[in-house]
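Protein chains: 2
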Amino acid sequence: MKDTENILSNPRDQAEEVRALQDTIYVIGGKWRLPIINSICNGNKRFREIERSIPGITTRMLSRELKEMELNKIIKRTVYPDSPVLVAYESTEYCTTFGNIILEMIKWGIEHRKMIIDKD
Amino acid sequence: MKDTENILSNPRDQAEEVRALQDTIYVIGGKWRLPIINSICNGNKRFREIERSIPGITTRMLSRELKEMELNKIIKRTVYPDSPVLVAYESTEYCTTFGNIILEMIKWGIEHRKMIIDKD
DNA sequence: CAGAATCCTCGACGATACTG
DNA sequence: CAGTATCGTCGAGGATTCTG
Chain V
1 MKDTENILSN PRDQAEEVRA LQDTIYVIGG KWRLPIINSI CNGNKRFREI ERSIPGITTR
61 MLSRELKEME LNKIIKRTVY PDSPVLVAYE STEYCTTFGN IILEMIKWGI EHRKMIIDKD
Chain X
1 MKDTENILSN PRDQAEEVRA LQDTIYVIGG KWRLPIINSI CNGNKRFREI ERSIPGITTR
61 MLSRELKEME LNKIIKRTVY PDSPVLVAYE STEYCTTFGN IILEMIKWGI EHRKMIIDKD
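Chains V and X supply the protein sequences, listed in that same order. Everything in the first sequence is counted per this note's numbering, starting at 1 for the first residue and increasing by one. Everything in the second sequence is counted per this note's numbering, starting at 1 for the first residue and increasing by one.
These are computed hints drawn from the structure, not numbers from a lab. Take the hints with a grain of salt, since some may be wrong.
No copy is singled out in the list; a pair is fine if it fits within one copy or between any two copies.
Keeping only pairs whose Cα atoms sit at most 27 Å apart, straight-line, the calculated DSSO-like set for lysine-lysine is [unchecked claim]:
#  : residue 1 : residue 2
1  : K45       : K73
2  : K45       : K114
3  : K45       : K119
4  : K67       : K31
5  : K107      : K31
6  : K76       : K45
7  : K76       : K114
8  : K67       : K119
9  : K67       : K45
10 : K73       : K31
Whole structure, please, built from the sequences with the hints as guidance.
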């Protein structure tokens, strides 16, 4: 099984990797999923709080995404029926599995910004 | 500066992180960027070769993305003017900076698929 | 082989206003 | 506060055909 000429993993592995990559992109695709997950993982719980923590997002998009993410068990939504309606969003275990991806993306974004500045 | 009640980093850091995250999403957003980068980093060089390595992509999208990624110095395009036109795409250093993100996303995708199977 | 040209669809996303 | 309801746009992406 030696294949010194080819550094690459075999075609089957490659095919599996592309699929895995595409699956992931499908799940966390779009502009808002990851920022929302990140915000909630950072401890933001209230709707307006999350909203304010993500530049550019609208209530409509936040509402939509939260709803679907709740269905997919990515987050947990709890209503406390006190006087002023209180709702809290919290991360689930599932939610935390995105941690490394988010970390790497934040790292990249910071490095990228440095690069841009250096170039000017 | 002790703040034992708050595990979170301070608001300024959080704001920077969201921005970084959004920057990254902007750069690698869409269905095709990362799969293409991945394919090229895996050693695929020819147009049809890359195309075949990415399930679902059309020549139109591949063409569009490659063109823009060349402009952004994410990849390098070389034409060898031999008898049958030969073109080779190669990764640049810049291209490799996405490595960790892609790796984490592949990991996640593979784990995710396992989960789905176990649940059935 | 390596694409360009065309035409088209549809859904992600935005803006704004309103509700309990 | 925590959303819902409407309306609208625009561009990512798809399907197909054609070219050197």
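*Can you list which hints this structure breaks, lowest number first?*
2 and 3
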